[in-house]
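Colleague: Work out the full structure: start from the sequences and follow the hints.
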Amino acid sequence: MSEVVKNEDKLVIGGKEFSSRFILGSGKYSLDLIKAAVEHAGAQMITLALRRANQGGMANILDYIPEGVTLLPNTSGARNAEEAVRIARLSREVGCGEFVKIEIMRDSKYLLPDNEETIKATEILAKEGFIVMPYMYPDLNVARDLKEAGAASIMPLAAPIGSNKGLCTKEFIQILIDEIDLPIIVDAGIGAPSQACEAMEMGAAAVMANTAIATAGDVPVMAEAMRLAIEAGRKAYLAGLGRVMEKGGSASSPLTGFLRD
Amino acid sequence: METEIKELKKENRTSHMEYMEGMEVLDSDVQERVIVAMNAYDYDKYTAKDVKAALAHTECTVEDFAALLSPAALPFIEEIAVRAQEETRKHFGNSIYMFTPLYIANYCENYCIYCGFNCHNKIKRARLDEEQIEKEMAAIAKTGLQEILILTGESRKMSDVKYIGEACKIARKYFKVIGLEVYPMNSDEYAYLHECGADYVTVFQETYDSDKYETLHLAGHKRVFPYRFGAQERAIRGGMRGVGFAALLGLSDFRKDAFATGYHAYLLQRKYPHAEIAFSCPRLRPIINNEKINPKDVHETQLLQVIMAYRIFMPFASITISTRECERVRNNVIKIAATKISAGVSVGIGEHIEDNDNVGDAQFEISDGRDVDEVYRAIEEQGLQPVMSDYIYV
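So the protein sequences, as listed, match chains V and W.
The first sequence lines up with residues 1 to 261 when you count with our numbering.
The second sequence lines up with residues 262 to 655 when you count with our numbering.
If you're looking for bench data, these hints aren't it; they were derived computationally from the structure.
Careful, some of the hints might be misleading.
[Said to hold, decoys possible] Straight-line distance between alpha carbons at most 25 Å, and here's what the computed DSS-like set of lysine-lysine pairs gives:
no., chain 1, residue 1, chain 2, residue 2
1, W, Lys267, W, Lys403
2, V, Lys165, W, Lys313
3, W, Lys437, W, Lys396
4, W, Lys383, V, Lys109
5, W, Lys267, V, Lys28
6, V, Lys147, V, Lys120
7, W, Lys383, W, Lys418
8, W, Lys473, W, Lys271
9, W, Lys403, W, Lys437
10, W, Lys437, V, Lys28
11, V, Lys28, V, Lys109
12, V, Lys35, W, Lys596
13, W, Lys437, W, Lys267
14, W, Lys385, V, Lys165
15, V, Lys109, W, Lys596
16, V, Lys109, W, Lys437
17, W, Lys430, W, Lys270
18, W, Lys383, W, Lys403
19, V, Lys16, V, Lys147
20, V, Lys147, V, Lys10
21, V, Lys127, V, Lys170
22, V, Lys109, W, Lys532
Modeller: Now the structure itself:
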């Protein structure tokens with residue numbers, strides 16, 4: 001959390017400041033809802049799959065993203081580092097900017113990230129000047145390697161993409177938050193605002209969500225609910241959570257009280 | 262059938278289980294496992310309790326899939342639809358992918374008694390040359406589509422691998438996504454076509470019942486059941502990104518065929534986890550010069566049951582709804598389980614451009630003749646998002 005300036009509480013990634021801690025996904029819902037979702041989410045960063053960005057074609061997602069929002073193109077479709085690097089370069093060529101979210105999957109069922117290939121791609125792209133935000137399975141050693149390779153943030157998954165299962169990897173994400181000196185952005189699996197709030201209370205720097213919003217009955221309203229939850233969680237984290245008593249009330253010093261006798 | 266066809270007599274046919282010369286033999290147990298499981302599948306043993314249990318499970322097991330395909334599932338069709346829709350939305354959101362098939366040749370060396378392209382059927386044959394392919398593709402690309410499925414009749418002589426490869430290279434100029442539905446080939450040939458720009462291969466097994474298969478595919482390389490069965494595995498080994506599966510429902514026992522189709526895809530996905538899986542769900546359609554064939558066995562309810570069972574069993578798979586189905590069915594199935602729909606379809610040869618004399622007859626009759634704009638609008642009217650491409654060639 002070293003990059004967070006607490007009195008202004010900005011999220012800083014790759015030298016760029018964001019006041020919003022909600023990274024919105026753009027897939028899986030109607031293009032004409034993107035603008036409203038961005039506004040209700042208060043999002044300053046939006047992900048898009050480069051493979052959805054058709055140059056000049058019908059239903060081009062790029063035409064629907066409001067100006068002023070930072071694009072976070074992802075490399076979905078890549079099955080190894082080499083393919084991710086190619087997609088990232090293409091993304092820069094077509095004007096999607098310097099940010100890139102690395103997604104490398106070689107599993108069509110769960111879409112779980114390939115950590116090893118992700119490290120390789122991060123190293124190459126960081127050297128080429130990209131602001132690299134790798135999507136990864138929360139593993140402390142890998143997170144350290146990613147930082148070493150030049151990642152600007154770490155994006156551990158909470159649960160498989162699209163599963164809406166929430167913080168299945170909570171304990172391991174907490175370790176990354178505690179140990180890695182980079183913004184930890186919880187990505188994938190967040191299915192409800194309460195889960196996003198919990199991630200923020202844990203000290204996550206931001207939350208990324210797509211399916212939870214895309215599959216909601218009212219997309220903009222769910223985007224707003226998610227924003228409020230993320231803000232609440234952030235405030236709670238900054239305020240410092242009180243002690244949680246897991247086994248009911250505690251008597252005062254039942255074991256060591258004798259020291260005062 | 263005015264002339265004597267020797268293969269109509271069983272003693273004149275070759276063995277449908279023996280590979281012909283030049284056919285690659287895979288070291289794989291997938292076929293055996295699928296056939297054993299299909300033969301053991303007794304759909305009448307499943308009860309309402311099994312269906313309810315299947316719907317209660319978060320992960321759909323093979324047994325759950327079997328229950329969802331059974332007659333016991335029919336009273337739960339609405340509950341199954343709710344679950345299927347939920348899975349579709351989780352994995353695809355409201356995206357519906359659009360494409361069109363392009364038939365570039367209809368010469369065929371096979372004698373499949375239910376197919377309009379069969380070598381004994383007196384239809385007008387055609388094969389587009391490269392210039393005509395380019396014109397057709399340019400005309401299709403103008404409609405806004407970015408995905409094309411290239412089809413040929415199954416004739417290696419008239420549509421060799423090189424010819425198909427040239428079609429792929431031309432397609433790369435006009436489309437982002439190129440799929441193939443051509444005769445099965447060896448993995449090195451799939452690798453070549455992958456280099457030419459294709460990334461998806463669909464092969465219909467038609468029926469997984471090899472005894473029935475033998476009575477329907479009387480001559481030609483398609484007669485060889487195991488070579489066809491191995492096509493998807495060879496395509497994956499050849500570097501294709503995704504493979505499509507289908508049984509032509511109605512040829513044989515559709516429940517067993519649907520079970521085998523799903524299980525075939527399931528085993529290959531486990532063996533090759535990176536491979537993308539797709540299903541097509543064709544029912545028999547009437548064809549030219551054969552009035553006996555009618556899609557009577559598989560009613561709309563059963564078709565929907567099969568599509569939804571595929572969806573719940575493999576929620577991440579692409580499912581295409583065929584133009585063999587009418588507008589009403591297609592509009593509704595994309596709301597529940599299908600994620601891909603064709604538009605502006607012609608199943609004849611050379612019909613996308615005017616002033617073309619080189620036209621060939623159609624493979625079957627289609628039931629939904631809507632053009633790209635009409636299908637696009639219909640998708641939007643269902644609250645869904647038409648997507649032209651979600652793919653990048655790397």
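Colleague: For every hint, state whether the structure bears it out.
Modeller: Against the structure, the hints:
1. Of the pairs offered as hints, the one joining Lys267(W) and Lys403(W) is violated, with about 47 Å between alpha carbons and a cut-off of 25 Å exceeded.
2. Note on Lys165(V) and Lys313(W): the hinted pairing holds, with a Cα-Cα distance of about 22 Å set against a maximum of 25 Å.
3. The suggested pairing of Lys437(W) with Lys396(W) holds, with an alpha-carbon distance near 17 Å, which does not exceed 25 Å.
4. Proposed proximity of Lys383(W) and Lys109(V) is contradicted: the alpha carbons are some 45 Å apart, above 25 Å.
5. For the proposed pair Lys267(W) and Lys28(V), the alpha carbon gap of about 54 Å is over 25 Å, so the pair is violated.
6. Among the hinted pairs, Lys147(V) with Lys120(V) is consistent with the structure: their alpha-carbon atoms are about 12 Å apart, no more than 25 Å.
7. Restraint check: the Cα-Cα separation between Lys383(W) and Lys418(W) comes to about 19 Å, which is no more than 25 Å; the hinted pair holds.
8. Using a Cα cut-off of 25 Å, the hinted pair Lys473(W) and Lys271(W) holds, with the two alpha carbons roughly 13 Å apart.
9. Between the alpha carbons of Lys403(W) and Lys437(W) the distance comes to roughly 14 Å, so the proposed pair stays at or under 25 Å and holds.
10. A threshold of 25 Å between alpha carbons decides the hint, and for Lys437(W) with Lys28(V) the separation of about 20 Å falls inside it, so the pair holds.
11. Only pairs whose Cα atoms come within 25 Å are accepted, and Lys28(V) paired with Lys109(V) is accepted, the gap being roughly 17 Å.
12. As the CA atoms of Lys35(V) and Lys596(W) are separated by approximately 24 Å, the hinted pair is consistent with the 25 Å bound.
13. Straight-line distance between C-alpha atoms of Lys437(W) and Lys267(W) comes to about 45 Å, which puts the hinted pair past the 25 Å bound.
14. Distance check on the hinted pair: Lys385(W) and Lys165(V) sit about 56 Å apart at the alpha-carbon level, beyond 25 Å; violated.
15. Between the alpha carbons of Lys109(V) and Lys596(W) the distance comes to roughly 22 Å, so the proposed pair stays at or under 25 Å and holds.
16. The hinted pair formed by Lys109(V) and Lys437(W) meets the criterion: a straight-line CA distance of about 23 Å does not exceed 25 Å.
17. With a C-alpha separation of about 43 Å, the suggested pair Lys430(W) and Lys270(W) falls outside the 25 Å cut-off, and the hint is violated.
18. Restraint check: the Cα-Cα separation between Lys383(W) and Lys403(W) comes to about 33 Å, which exceeds 25 Å; the hinted pair is violated.
19. At roughly 18 Å between alpha-carbon atoms, Lys16(V) and Lys147(V) fall within 25 Å of each other, so this suggested pair holds.
20. Under the criterion of a C-alpha separation no larger than 25 Å, the hint pairing Lys147(V) with Lys10(V) is consistent with the structure, at around 20 Å.
21. Simply put, Lys127(V) and Lys170(V) have alpha-carbon atoms about 31 Å apart, too far for the 25 Å limit, and the pair is violated.
22. In summary, the hint linking Lys109(V) to Lys532(W) is supported, as the alpha carbons are separated by about 12 Å, within the 25 Å threshold.
Checked against the numbered hints given earlier, this structure breaks hints 1, 4, 5, 13, 14, 17, 18 and 21; the rest are met.
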